[in-house]
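Visitor: Sequence:
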Amino acid sequence: MPDDAIDTSDIPEQTDWQSASIGRFYSATHQSHVKLDDDMLAWFKANSGRHFQKMINQALRDYMQLPNKST
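According to the numbering used here, the sequence shown is numbered sequentially starting from 1.
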């Protein structure tokens with residue numbers, strides 16, 4: 001069905017965008033594969049459950065923001 005065939009006459013126009021969320025459904029992530037030591041992965045899984053990937057990402061982000069880190 002083309003867009004111009006959709007009847008939108010019963011949908012009110014949105015004029016107040018004050019409480020709108022920016023980027024709510026957007027996740028700027030990229031799937032990649034990283035090899036981790038078994039004990040390191042076990043620690044993240046034990047300390048964050050099924051959200052261990054988010055915790056690893058946050059740990060890497062925290063490290064990235066440290067001043068004067070050596071490469």
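In short, the hints are calculated from the structure, not lab data. Every residue, glycine too, gets a C-beta built ideally from N, C-alpha and C. Some hints could be false.
[What the hints assert, rightly or not] Label pairs and their computed distance ranges (CB to CB):
# : residue 1 : residue 2 : range
1 : Gln65     : Asp3      : 42 to 50 Å
2 : Arg50     : Gln14     : 46 to 54 Å
3 : Gln65     : Ser9      : 14 to 22 Å
[Claimed, not checked] Calculated cross-link-like contacts (lysine to aspartate or glutamate; reagent style EDC-like; alpha-carbon spacing at most 20 Å):
# : residue 1 : residue 2
4 : Lys35     : Asp10
5 : Lys35     : Glu13
6 : Lys35     : Asp16
7 : Lys45     : Asp62
Visitor: Work down the list of hints and note, for each, if the structure agrees.
Guide: Taking the hints in turn, this is what the structure says about them:
At about 44 Å, the beta-carbon gap between Gln65 and Asp3 stays in the expected band of 42 to 50 Å. For Arg50 and Gln14, the hinted distance range of 46 to 54 Å is not satisfied, since their beta carbons lie about 36 Å from each other. Between Gln65 and Ser9 the C-beta distance comes to about 50 Å, which lies outside the given range of 14 to 22 Å. Using a Cα cut-off of 20 Å, the hinted pair Lys35 and Asp10 is violated, with the two alpha carbons roughly 53 Å apart.
The hinted pair formed by Lys35 and Glu13 fails the criterion: a straight-line CA distance of about 50 Å is larger than 20 Å. For the hint pairing Lys35 with Asp16, the CA-to-CA distance comes to about 47 Å; that exceeds 20 Å, so the pair is violated. Under the criterion of a C-alpha separation no larger than 20 Å, the hint pairing Lys45 with Asp62 is consistent with the structure, at around 18 Å.
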